[in-house]
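In order, the protein sequence lines correspond to chains A and B. When the letters of the first sequence are read in order and numbered with our numbering, they come out as residues 1 to 114. When the letters of the second sequence are read in order and numbered with our numbering, they come out as residues 1001 to 1117.
Hints are computed from structural coordinates only; laboratory data are not their basis. Errors might be hidden in some of the hints.
Pairs of lysine to aspartate or glutamate residues, derived as DMTMM-like cross-links and limited to a Cα-Cα distance of at most 25 angstroms, are as follows [as the list claims (entries may be wrong)]:
no., chain 1, residue 1, chain 2, residue 2
1, B, Lys1104, A, Glu24
2, B, Lys1109, A, Asp107
3, B, Lys1003, A, Glu24
4, B, Lys1109, A, Glu62
Facing chain B, from chain A, some residues (calculated, C-beta under 7 angstroms) [to be verified]:
no., residue
5, Pro8
6, Pro39
7, Leu43
8, Ser99
9, Pro102
10, Phe105
11, Asp107
12, Ser112
Here the structure is a predicted model, which means the values were calculated and not measured. Note that beta-carbon positions come from the ideal geometry of N, C-alpha and C, so glycine has one too.
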Amino acid sequence: DGGITQSPKYLFRKEGQNVTLSCEQNLNHDAMYWYRQDPGQGLRLIYYSQIVNDFQKGDIAEGYSVSREKKESFPLTVTSAQKNPTAFYLCASSIAGLSNQPQHFGDGTRLSIL
Amino acid sequence: AQKVTQAQTEISVVEKEDVTLDCVYETRDTTYYLFWYKQPPSGELVFLIRRNSFDEQNEISGRYSWNFQKSTSSFNFTITASQVVDSAVYFCALSELDTNRDDKIIFGKGTRLHILP
């Protein structure tokens, strides 16, 4: 079945450590997105990529980095510069990098601090 | 400014009751899109509907219906004869198409719906 796979489902980070969240899609979608979800805050856009080898900062990019070397993959690194990383992270994709297209979401990764 | 307000943080209804989730939006553009997504306890958001700003026809899909009213900038979602499986967080979202700005979707903060058996 086509879809988006996020791994791991749960992740723990130690102080000063970088961690990478994986996102893979087999929908042949051009655009991919990373959102952060905090309780009562809705979804906030971290980074998005409309095409391979290109990505743009979203509203809360500080402390995060991404890469888009392959169409299917859009990993997110939470760096030690992100002082409050505990949240639920959702990856999404859409057919084209236009905001009028519905987005398909993965199951999310829940990141916690040790 | 682009904004989506879901004033109802949490709603609880008894199974088989009808329930309406409110969504009010703000936008500068005449061309925009509105969405509803469902987030069940498993975590992934599931796309429910998209409506463009030029199509004010209400939509019905089974027990789900949507009422789009440009005059009040609202895009409300009604579940008829609710079921326990409808329990989830529901997000309303807005996007604008403007070649001078990055295209983004803005999500509301969501409404958590509890359907009590």
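A quick look at each hint next to the structure:
In summary, the hint linking Lys1104 (chain B) to Glu24 (chain A) is supported, as the alpha carbons are separated by about 21 angstroms, within the 25 angstroms threshold. Our distance criterion of 25 angstroms between C-alpha atoms is met by Lys1109 (chain B) and Asp107 (chain A), whose separation comes to about 18 angstroms. For the hint pairing Lys1003 (chain B) with Glu24 (chain A), the CA-to-CA distance comes to about 30 angstroms; that exceeds 25 angstroms, so the pair is violated. The hinted pair formed by Lys1109 (chain B) and Glu62 (chain A) meets the criterion: a straight-line CA distance of about 21 angstroms does not exceed 25 angstroms.
Interface hint at Pro8 (chain A): violated, since its Cβ lies 13 angstroms from the closest Cβ of chain B, which is beyond the 7 angstroms cut-off. With its C-beta approaching chain B no nearer than about 10 angstroms, Pro39 (chain A) sits outside the 7 angstroms limit, and its interface hint is violated. Residue-level restraint check for Leu43 (chain A) holds (minimum Cβ-Cβ distance to chain B is 4 angstroms; threshold 7 angstroms). The beta carbon of Ser99 (chain A) comes within 3 angstroms of a beta carbon in chain B, closer than 7 angstroms, and the hint placing it at the interface holds.
Against a cut-off of 7 angstroms between C-beta atoms, the interface hint on Pro102 (chain A) holds, since the closest Cβ of chain B lies about 4 angstroms away. Satisfaction of the interface hint for Phe105 (chain A) is found here, the shortest Cβ-Cβ separation to chain B being roughly 4 angstroms, below the 7 angstroms cut-off. With a least beta-carbon distance of about 5 angstroms to chain B, the hint placing Asp107 (chain A) at the interface is held under the 7 angstroms criterion. Interface hint at Ser112 (chain A): violated, since its Cβ lies 15 angstroms from the closest Cβ of chain B, which is beyond the 7 angstroms cut-off.
Hint check: violations occur at hints 3, 5, 6 and 12; the rest are consistent with the structure.
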